[in-house]
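Novice: Sequence:
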Amino acid sequence: MAADTGAEAVAGVGTERPDGVGHERPPGRGEGAAGGEGAAGGEGAAGGEGAAAGEGAAAGDGGTAPGRGLNRRRLGARLLALGGVLVLHAALPGSAGAAGGPAERRALQGLRLRYGSARQAGLSEQHLEGVADEARRFLGPSPEHPYYAGAVVLAGRGRTIALHRAMGYAVRYADYDGRTDRVREFPAAERIAMSEDTVFDLASLTKLFTSILAVQQMERGRLELEAPVCRYLPEFVGGGKEIITVRQLLTHTSGLRSWAPFYQESTREGRLRLLWSVRPQETPGTVYRYSDLNLIALQLLLERITGRTLDTLLHDEITAPLGMHRTRYNPPLSWRRVIAATEVQRPPWSGLDRGLVWGEVHDENAYALGGVAGHAGVFGTAWDLAVLARALLDGGGYAGRRILRPASVELLFTDYNTAFPGDDHGLGFELYQHWYMGAMATPHSAGHTGFTGTSLVLDPSTDSFLILLGNSVHPVRTWRAGSAPRVAVGNRFARAVPVRTRHGGAAWFSGILPGASGTLTLPPLGPTTAAARLRCAVWWDTVPGEGALHLEASADGQHWEPLPFSTLRSTGGTPEQWPRGSVSGWSGRVWHRLEAPLTATWAGREVRLRFRHTATGRYVGRGAYVDVIRVAEPGRLLFAEDRPTDADRIEAIGWTRSTD
Numbered sequence: 002m003a004a005d006t007g008a009e010a011v012a013g014v015g016t017e018r019p020d021g022v023g024h025e026r027p028p029g030r031g032e033g034a035a036g037g038e039g040a041a042g043g044e045g046a047a048g049g050e051g052a053a054a055g056e057g058a059a060a061g062d063g064g065t066a067p068g069r070g071l072n073r074r075r076l077g078a079r080l081l082a083l084g085g086v087l088v089l090h091a092a093l094p095g096s097a098g099a100a101g102g103p104a105e106r107r108a109l110q111g112l113r114l115r116y117g118s119a120r121q122a123g124l125s126e127q128h129l130e131g132v133a134d135e136a137r138r139f140l141g142p143s144p145e146h147p148y149y150a151g152a153v154v155l156a157g158r159g160r161t162i163a164l165h166r167a168m169g170y171a172v173r174y175a176d177y178d179g180r181t182d183r184v185r186e187f188p189a190a191e192r193i194a195m196s197e198d199t200v201f202d203l204a205s206l207t208k209l210f211t212s213i214l215a216v217q218q219m220e221r222g223r224l225e226l227e228a229p230v231c232r233y234l235p236e237f238v239g240g241g242k243e244i245i246t247v248r249q250l251l252t253h254t255s256g257l258r259s260w261a262p263f264y265q266e267s268t269r270e271g272r273l274r275l276l277w278s279v280r281p282q283e284t285p286g287t288v289y290r291y292s293d294l295n296l297i298a299l300q301l302l303l304e305r306i307t308g309r310t311l312d313t314l315l316h317d318e319i320t321a322p323l324g325m326h327r328t329r330y331n332p333p334l335s336w337r338r339v340i341a342a343t344e345v346q347r348p349p350w351s352g353l354d355r356g357l358v359w360g361e362v363h364d365e366n367a368y369a370l371g372g373v374a375g376h377a378g379v380f381g382t383a384w385d386l387a388v389l390a391r392a393l394l395d396g397g398g399y400a401g402r403r404i405l406r407p408a409s410v411e412l413l414f415t416d417y418n419t420a421f422p423g424d425d426h427g428l429g430f431e432l433y434q435h436w437y438m439g440a441m442a443t444p445h446s447a448g449h450t451g452f453t454g455t456s457l458v459l460d461p462s463t464d465s466f467l468i469l470l471g472n473s474v475h476p477v478r479t480w481r482a483g484s485a486p487r488v489a490v491g492n493r494f495a496r497a498v499p500v501r502t503r504h505g506g507a508a509w510f511s512g513i514l515p516g517a518s519g520t521l522t523l524p525p526l527g528p529t530t531a532a533a534r535l536r537c538a539v540w541w542d543t544v545p546g547e548g549a550l551h552l553e554a555s556a557d558g559q560h561w562e563p564l565p566f567s568t569l570r571s572t573g574g575t576p577e578q579w580p581r582g583s584v585s586g587w588s589g590r591v592w593h594r595l596e597a598p599l600t601a602t603w604a605g606r607e608v609r610l611r612f613r614h615t616a617t618g619r620y621v622g623r624g625a626y627v628d629v630i631r632v633a634e635p636g637r638l639l640f641a642e643d644r645p646t647d648a649d650r651i652e653a654i655g656w657t658r659s660t661d
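Going by the numbering used here, the sequence shown wraps up at 661, each residue one higher than the last.
Hints in this document: simulated from the structure, not taken from any laboratory.
One thing to keep in mind: the hints can contain errors.
[As the list claims (entries may be wrong)] Label pairs and their computed distance ranges (CB to CB):
(1) Thr657 to Glu145: 29 to 37 Å
(2) Arg185 to Trp336: 20 to 28 Å
(3) Asp198 to Trp277: 39 to 47 Å
(4) Asp317 to Thr268: 25 to 33 Å
(5) Ala648 to Gln559: 21 to 29 Å
(6) Arg137 to Leu273: 58 to 66 Å
Note that the Cβ used here is the ideal one computed from N, Cα and C, for glycine as well.
Work out the full structure: start from the sequences and follow the hints.
Specialist: So this is what it looks like as structure tokens:
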């Protein structure tokens, strides 16, 4: 996997080494110090409150109440505290409910993905079409060169693929001159248009396949999560490597450096010696650093304990059972014209001088390893990735074939990196990463990116999946930086998953524009007692620390102060108190009933109340909704949004009425 360079307004930027080979990471990420630490459908609103079938998460999910319940973001830490490998083996074989859940039943029924309309998928047609529009935008200057020559975008919910579009070119550029930053394009008749079935070099999405293969071996008792790697690879010792565990390879907490130049070694023995000689840069378990070496080591481990090469394992254990017939290492020459070209590789931006790479793996180290590597090398299509996504969302099975048990899938999506806030990571899967998931990011979202321009995002909380495959290093890696297209399509697809009120009508919506803010202000009110209350329904999803929904009060409409309130989930539980008058993070994708006492401070005084939404960072969540606003005191209704005369007096800046 190669490095991101440059900067972009909503782009994730990595660090480039002199030879141009690097790692795609979000802004300001990569190394951390040790630290402390359902089905398609809508939602119901409180007052109208009440959750619709299939939506909502258990109490304790996300950023609403850190001390409540046990969710996947804390489960990893709990597993480790209890002795992770023991809990893992206890959870996997025939765990309670493993065969009885809805996802499990769907997986065993032999049902397959199908094409369908946005409505059949429970999506907004307008915003779904906008996903393709966003992807298409980056075929133009982004900001100077095209971000990619072409792309394929696929989006679905449940078993319905509601969007599958191809755009641009799979093969456009014949050569690139780094001295002049000029390209030579193929003649128009020789260019190859992108198609929905174009095969892409998936780059670091390969790591997901390697991780799934590792968890399969854990299911079979051949591999232990907390075992030292050297138990299986005796050569993997020296300089502290002997205490690196399998889990630390899967979660990038081994302390190994990001990369090593395997392609500079002329023999396989030399490449292996290079890996054996690598020493941890920090004590294993004390730092998060994304590293290809982790997955290369895991590849060798898997090949050692199974006696099979990684490409054979991929075929036998994942792609053949799931019918992913266009996913493999080292595609044959006969596939070449259906494969998206990648980079014109020459020094100094590449470690090798290969000319136009087309039909062979882009990553230099994977190429040196014969095209079969744990960190890169798998080729595949958007449809095949959708099959994998559906299998994982359904607990490890697809069309009657099973590759993992439901408990194993749960562990793939469990955050083991609670000691490294912001670098949430399951076994192979990245979790809750706004820098490429955009507004699709929730505490349940899982996915990965690949440097060639690929990405996969799964959101179990909405039973949805989004795949964006672009040839963004064609003709050269330096023409693009970061994850702007991924964020853009993620934001738009998140908007396509509707938020429904119980009454079926519109609610006030804050919007999801990065860096924007807005206010929703009620007309002046005159409470006469200390028993006055504001009540309404609220729904929110913001980037923690970079977005919030505030409730404020003012005597003059100029100077505002926080108004404390409580919220109660429509699915039940106990009220949560918000003494600072604001909420942030993820509300569990359910409506909450909000209540704010006006207290004696405002009795006998004129008061104005407003909701204020802020999004201060470059990334956004799904936004905030407010509905069924009422202010009353005993025997007197001061304001009711459902009274036309009151509704007409609401002042909305940046907020709109929305049915989705």
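Novice: With reference to the structure, classify each hint as holding or not holding.
Specialist: Results for each hint:
1. Thr657 to Glu145: 29 to 37 Å: Taking Cβ atoms as reference, threonine 657 and glutamate 145 lie about 34 Å apart, which means the hint holds.
2. Arg185 to Trp336: 20 to 28 Å: holds (24 Å)
3. Asp198 to Trp277: 39 to 47 Å: holds (41 Å)
4. Asp317 to Thr268: 25 to 33 Å: With a Cβ separation near 28 Å, aspartate 317 and threonine 268 satisfy 25 to 33 Å, so the hint holds.
5. Ala648 to Gln559: 21 to 29 Å: holds (24 Å)
6. Arg137 to Leu273: 58 to 66 Å: Roughly 45 Å apart at Cβ, these two residues miss the hinted range, so it is violated.
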